[in-house]
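**Student:** Residue numbering for the sequence shown follows the working numbering, starting at 1 and increasing by one per position.
Keep in mind that the hints were calculated from the coordinates and are not lab data. Treat the hints with care, since some could be wrong.
[Unchecked claim] Cβ-Cβ distance ranges computed for the label pairs, FRET-style:
hint : residue 1 : residue 2 : range
1    : ALA7      : ALA43     : 39 to 49 Å
2    : HIS41     : VAL3      : 45 to 55 Å
3    : GLU50     : ARG5      : 20 to 30 Å
4    : LEU66     : ASN40     : 19 to 29 Å
5    : LYS48     : VAL3      : 39 to 49 Å
6    : ILE9      : GLN57     : 12 to 22 Å
7    : GLY67     : ALA7      : 36 to 46 Å
8    : LEU66     : ILE9      : 41 to 51 Å
9    : GLY67     : SER18     : 31 to 41 Å
10   : ASN2      : VAL65     : 11 to 21 Å
11   : TYR64     : ASN40     : 14 to 24 Å
12   : GLU44     : VAL65     : 15 to 25 Å
13   : ASP55     : LEU15     : 21 to 31 Å
14   : GLU50     : GLN6      : 41 to 51 Å
Positions of the beta carbon are idealized from the N, C-alpha and C atoms, including for glycine.
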Amino acid sequence: MNVARQALIILLTQLLLSMFPVSHVVGIISHRNEENISGNHLAELRKKAERGNADSQYDLGIMYVLGKKV
1 MNVARQALII LLTQLLLSMF PVSHVVGIIS HRNEENISGN HLAELRKKAE
51 RGNADSQYDL GIMYVLGKKV
């Protein structure tokens with residue numbers, strides 16, 4: 001019984017931690033509503049992503065998934 005409980009705790013912890021990155025970015029993007037994401041900001045984000053900036057690539061990917069201004 002103790003092993004099953006530990007396995008459940010580990011599983012739930014991993015599940016919660018795996019959801020953090022997406023929820024963090026979704027919160028940031030949702031916080032800036034569509035009017036606040038200017039064309040200049042989007043253009044700069046795309047430039048950084050094309051230059052290989054991983055954070056910008058990730059943010060753009062999330063924006064594509066959510067259909068936010070891209």
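**Student:** Next, verify each hint and record whether it holds.
**Tutor:** These are the hints, each one checked on the structure:
1. ALA7 with ALA43: 39 to 49 Å: With a Cβ separation near 48 Å, ALA7 and ALA43 satisfy 39 to 49 Å, so the hint holds.
2. HIS41 with VAL3: 45 to 55 Å: Given range 45 to 55 Å: holds, Cβ gap about 50 Å.
3. GLU50 with ARG5: 20 to 30 Å: violated (48 Å)
4. LEU66 with ASN40: 19 to 29 Å: holds (20 Å)
5. LYS48 with VAL3: 39 to 49 Å: 47 Å Cβ-Cβ, so the 39 to 49 Å window holds.
6. ILE9 with GLN57: 12 to 22 Å: About 34 Å separates the Cβ atoms of ILE9 and GLN57, which means 12 to 22 Å is violated.
7. GLY67 with ALA7: 36 to 46 Å: holds (38 Å)
8. LEU66 with ILE9: 41 to 51 Å: 32 Å Cβ-Cβ, so the 41 to 51 Å window is violated.
9. GLY67 with SER18: 31 to 41 Å: violated (23 Å)
10. ASN2 with VAL65: 11 to 21 Å: violated (40 Å)
11. TYR64 with ASN40: 14 to 24 Å: At roughly 19 Å between Cβ atoms, ASN40 and TYR64 fall inside 14 to 24 Å, so the hint holds.
12. GLU44 with VAL65: 15 to 25 Å: holds (20 Å)
13. ASP55 with LEU15: 21 to 31 Å: This hint holds: roughly 24 Å between Cβ atoms.
14. GLU50 with GLN6: 41 to 51 Å: holds (46 Å)
Figure legend: structure checked against the earlier numbered hints; hints not met, in rising order: 3, 6, 8, 9, 10.
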